[in-house]
Amino acid sequence: QSALTQPASVSGSPGQSITISCTGTSSDVGGYNYVSWYQQHPGKAPQLMIYDVSKRPSGVSDRFSGSKSGNTASLTISGLQAEDEADYLCSSYTSSYTVVFGGGTKLTVL
Amino acid sequence: QVQLVQSGAEVKKPGASVKVSCKASGYTFTGYYMHWVRQAPGQGLEWMGWINTNSGGTNYAQSFQGRVTVTRDTSISTIYMELSRLRSDDTAVYYCARDGTTSGWYGDYWGQGTLVTVSS
Numbered sequence: 028q029s030a031l032t033q034p035a036s037v038s039g040s041p042g043q044s045i046t047i048s049c050t051g052t053s054s055d056v057g058g059y060n061y062v063s064w065y066q067q068h069p070g071k072a073p074q075l076m077i078y079d080v081s082k083r084p085s086g087v088s089d090r091f092s093g094s095k096s097g098n099t100a101s102l103t104i105s106g107l108q109a110e111d112e113a114d115y116l117c118s119s120y121t122s123s124y125t126v127v128f129g130g131g132t133k134l135t136v137l
Numbered sequence: 243q244v245q246l247v248q249s250g251a252e253v254k255k256p257g258a259s260v261k262v263s264c265k266a267s268g269y270t271f272t273g274y275y276m277h278w279v280r281q282a283p284g285q286g287l288e289w290m291g292w293i294n295t296n297s298g299g300t301n302y303a304q305s306f307q308g309r310v311t312v313t314r315d316t317s318i319s320t321i322y323m324e325l326s327r328l329r330s331d332d333t334a335v336y337y338c339a340r341d342g343t344t345s346g347w348y349g350d351y352w353g354q355g356t357l358v359t360v361s362s
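Those protein sequences? They're chains A and B, same order as listed. Note that the first sequence covers residues 28 to 137 in the working numbering. Note that the second sequence covers residues 243 to 362 in the working numbering.
No wet-lab data here; the hints were simulated from the structure. Fair warning: there could be bad hints in the mix.
Said to hold, decoys possible - Cβ-to-Cβ under 7 Å is the rule here; a few derived chain A residues that face chain B:
1. Y61
2. A72
3. L75
Think of the CB as a built atom: it goes at the ideal place given N, C-alpha and C, for glycine as much as any other residue.
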């Protein structure tokens, strides 16, 4: 199972919006509405930000939203804040009853 | 509150095995699948496998088949991940994660991570 494809880095200024893409195949992202997104600060465990493509766990800011079109899922962060600077990783359930992650995207808030 | 507490850091020699534990509390242990995920230094997350904590059934990533074994002890709400024939590229932080759903997957709670260093 190949890793999902994410851009290595994105950046934005405070208050702006950014979108991170996550591209897979019809056997994972495109085949199921089971895409999740995680935020990870250096030296910390991942934290769930979005699940089932577009659902937010309680406690996660509504500035975070998710969507999917075909084999590509996207995470959008609006109203960027300095505290959003972190790595973001996508993940998907697969047709083999396994899980696959993306390589991660480093978000820099300028 | 849900907590996943992992065992401490390990240093192993190439060819050896390591066994990492993850103790769950704050919820019904057998009601959720559990996963192991690792992260090599400066790299992304790599999924290793899951365990059905109720039945003990498992499924592993193909890249770890034959080297990884995930087990559980329901009496103490703990899962284990044993990785054998260690190589230097197995050096990583190993995380356990609770699966928040019975259909699909998402890791809603994660352990603090266990650093495993493989070095001669």
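Tested hints:
1. Y61: The hint holds - Y61(A) has a Cβ within 7 Å of chain B, the shortest such distance being about 3 Å.
2. A72: A72(A) check passes; min Cβ-Cβ to chain B is 4 Å, inside 7 Å.
3. L75: holds, 5 Å
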